[in-house]
Amino acid sequence: MELKVPGQTTQASSGGGCSSGGCGSNGDQLAHLPEAIRDKVKNHPCYSEEAHHYYARMHVAVAPACNIQCHYCNRKYDCANESRPGVVSELLTPDQAVKKVMAVAATIPQMTVLGIAGPGDPLANPERTMETFRQLSEKAPDIKLCVSTNGLALPEQVEELSRHNIDHVTITINCVDPDVGAKIYPWIFWNNRRIKGRKAAKILIEQQQKGLEMLVAKGILVKVNSVMIPGVNDEHLKEVSRVVKAKGAFLHNVMPLIAEAGHGTFFGVMGQRGPTHGELQALQDACAGDMNMMRHCRQCRADAVGLLGEDRGAEFTLDKIEGMEIDYAAAMQMRADVHAAIEVDREAQRRQAAEIQVPLAMLQGVRETRPVLMAVATSGGGVVNQHFGHAREFLIYEASRQDVRFIGHRKVDVYCSGNDTCGAAETALQKTIRTLEGCEAVLCSRIGYEPWGLLEEAGIQPNGEHALEPIEQAVTAVYREMVEAGRLDSPAPRVSRARA
Amino acid sequence: MAYSILESCVNCRACEPLCPSKAILAALPHFLIDAGKCTECEGFYADPQCASICPVEGAILDGSGAPANPPGSLTGIPPDRLQAAMAEIQAR
Numbered sequence: 001m002e003l004k005v006p007g008q009t010t011q012a013s014s015g016g017g018c019s020s021g022g023c024g025s026n027g028d029q030l031a032h033l034p035e036a037i038r039d040k041v042k043n044h045p046c047y048s049e050e051a052h053h054y055y056a057r058m059h060v061a062v063a064p065a066c067n068i069q070c071h072y073c074n075r076k077y078d079c080a081n082e083s084r085p086g087v088v089s090e091l092l093t094p095d096q097a098v099k100k101v102m103a104v105a106a107t108i109p110q111m112t113v114l115g116i117a118g119p120g121d122p123l124a125n126p127e128r129t130m131e132t133f134r135q136l137s138e139k140a141p142d143i144k145l146c147v148s149t150n151g152l153a154l155p156e157q158v159e160e161l162s163r164h165n166i167d168h169v170t171i172t173i174n175c176v177d178p179d180v181g182a183k184i185y186p187w188i189f190w191n192n193r194r195i196k197g198r199k200a201a202k203i204l205i206e207q208q209q210k211g212l213e214m215l216v217a218k219g220i221l222v223k224v225n226s227v228m229i230p231g232v233n234d235e236h237l238k239e240v241s242r243v244v245k246a247k248g249a250f251l252h253n254v255m256p257l258i259a260e261a262g263h264g265t266f267f268g269v270m271g272q273r274g275p276t277h278g279e280l281q282a283l284q285d286a287c288a289g290d291m292n293m294m295r296h297c298r299q300c301r302a303d304a305v306g307l308l309g310e311d312r313g314a315e316f317t318l319d320k321i322e323g324m325e326i327d328y329a330a331a332m333q334m335r336a337d338v339h340a341a342i343e344v345d346r347e348a349q350r351r352q353a354a355e356i357q358v359p360l361a362m363l364q365g366v367r368e369t370r371p372v373l374m375a376v377a378t379s380g381g382g383v384v385n386q387h388f389g390h391a392r393e394f395l396i397y398e399a400s401r402q403d404v405r406f407i408g409h410r411k412v413d414v415y416c417s418g419n420d421t422c423g424a425a426e427t428a429l430q431k432t433i434r435t436l437e438g439c440e441a442v443l444c445s446r447i448g449y450e451p452w453g454l455l456e457e458a459g460i461q462p463n464g465e466h467a468l469e470p471i472e473q474a475v476t477a478v479y480r481e482m483v484e485a486g487r488l489d490s491p492a493p494r495v496s497r498a499r500a
Numbered sequence: 001m002a003y004s005i006l007e008s009c010v011n012c013r014a015c016e017p018l019c020p021s022k023a024i025l026a027a028l029p030h031f032l033i034d035a036g037k038c039t040e041c042e043g044f045y046a047d048p049q050c051a052s053i054c055p056v057e058g059a060i061l062d063g064s065g066a067p068a069n070p071p072g073s074l075t076g077i078p079p080d081r082l083q084a085a086m087a088e089i090q091a092r
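First to last, the protein sequences are chains A and B.
244 is the number that our numbering gives to position 244 of the first sequence; each next residue is one higher, with no gaps.
47 is the number that our numbering gives to position 47 of the second sequence; each next residue is one higher, with no gaps.
Computed cross-link-like contacts, DSBU-like style, restricted to lysine-lysine with a CA-CA straight-line distance of at most 30 Å:
| id | chain 1 | residue 1 | chain 2 | residue 2 |
| --- | --- | --- | --- | --- |
| 1 | A | 411 | A | 431 |
| 2 | A | 42 | A | 245 |
| 3 | A | 139 | A | 40 |
| 4 | A | 76 | B | 22 |
| 5 | A | 40 | A | 247 |
| 6 | A | 210 | A | 144 |
| 7 | B | 37 | A | 76 |
| 8 | A | 218 | A | 245 |
| 9 | B | 22 | A | 196 |
For the record, the hints were derived by calculation from the structure and aren't laboratory data.
With the hints as constraints, model all of the structure from the sequences given.
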């Protein structure tokens with residue numbers, strides 16, 4: 001039994017694009033970038049909340065070796081149900097990786113970006129990584145190439161990277177202080193020795209900073225990833241943000257620590273908790289004063305394929321791509337046509353979003369209240385258009401009298417979809433509700449009776465009255481209703497420190 | 001004397017290019033060391049290279065058959081703590 005919502009049709013929103021708040025006026029992480037950089041990243045799903053509804057990315061797992069150990073990583077772990085960095089199911093040779101990339105490019109024309117992100121460190125496997133890049137820049141010149149690294153071997157590889165048409169490098173920088181680093185990195189392999197403790201962290205930090213400076217000097221875009229570890233580097237990341245911005249990184253992506261005892265990582269086993277949604281948001285806000293923050297990272301596997309948040313890797317296993325014959329010249333033409341059509345669609349969405357501009361006007365006359373968080377179920381198109389029960393993630397917006405702004409997304413399954421085999425028994429619905437902690441309303445196209453009741457009990461007001469409306473407009477309308485009903489006069493609900 | 005690799009090896013390949021004697025074989029189900037070629041890096045490096053980059057505790061034995069990286073030495077996780085955590089997960 002479901003509550004029907006008038007106007008709900010089969011959504012034909014041709015691929016999506018999020019609201020102006022998510023990517024346009026006030027929420028666009030890329031809006032303040034110089035034109036030249038914006039041009040480079042506008043079709044990159046990992047760098048733009050708006051682009052990720054249209055374009056896909058893939059990672060190839062060619063780089064298994066690592067030259068450091070991080071306390072949030074366990075090299076023994078591979079679970080098919082897991083979606084997080086460092087996890088892969090199938091290691092590829094460079095030749096196999098190239099074949100896989102071309103097979104995916106011909107099948108999923110929206111795929112514009114190929115990244116090498118492990119499962120070890122790509123630059124600790126320079127021959128395998130560079131051979132993959134070399135072949136791809138020659139055979140598939142329409143694909144953007146990126147690489148992600150811990151930075152230890154970066155300075156010696158910058159020259160080689162610049163030769164392979166790499167225009168984006170991600171460096172994971174968790175600290176700029178060796179005393180903090182000693183709590184995150186137990187050892188590094190450096191100059192033919194295993195080095196431990198503060199000394200190891202100091203070398204790693206120096207290499208990371210040097211590599212960052214060298215890339216910027218070469219004109220290669222650098223994004224910095226940081227893992228937020230409460231009580232270890234959370235306060236310190238504000239300093240990291242300042243330092244890397246000053247050195248020319250164009251984007252900072254603060255991600256939550258993923259730590260579960262079952263992963264067998266140091267942090268997992270020792271009971272180090274990850275940040276709550278609220279803590280992560282507060283830190284991202286604090287760093288945002290200094291630089292462009294990224295808020296929609298999905299923390300993908302090192303062999304993920306498809307749009308962010310989805311993984312079509314199972315369609316492209318080695319035995320499946322073996323038999324595929326690919327005419328890449330034809331594929332490239334088809335891809336160019338698809339990309340051109342996407343751009344027409346995006347432009348139309350942008351124009352529509354610009355015309356709306358309702359929200360701020362709608363806030364006039366509303367009295368001052370505390371801000372409120374709302375969750376939105378959407379499958380793209382910048383509108384509220386998804387059934388609550390179908391949503392695998394929610395976009396989170398903060399509404400106040402000044403503004404309606406996109407805060408980030410929350411995945412329902414967080415990073416594990418294996419319900420029965422791992423973890424304590426908790427229903428999918430309970431999990432979803434816990435994911436929405438801190439939100440006081442959830443906007444969706446429809447919702448069943450059972451979740452409706454449980455959400456209300458949890459202090460989250462379900463709302464299916466704004467189906468197919470632009471997200472910002474809907475959030476603003478709900479905010480107004482909440483103010484008028486006096487719901488924001490009481491303090492915000494207490495958020496527990498328990499974490500998914 | 002020679003080092004050897006056990007089945008807990010995860011085939012990450014980190015050791016193979018480092019070996020000065022080309023004694024490491026990319027075998028399946030896991031990598032192996034050719035005992036006839038292994039020099040324990042004597043005359044090349046201060047530390048045996050494979051054991052200095054291997055991320056898996058206990059996966060490499062030294063010439064005397066003892067783990068080059070005993071439990072807890074690389075991750076910093078006290079072995080009893082790890083055992084307790086794994087036992088708790090098994091019990092679920």
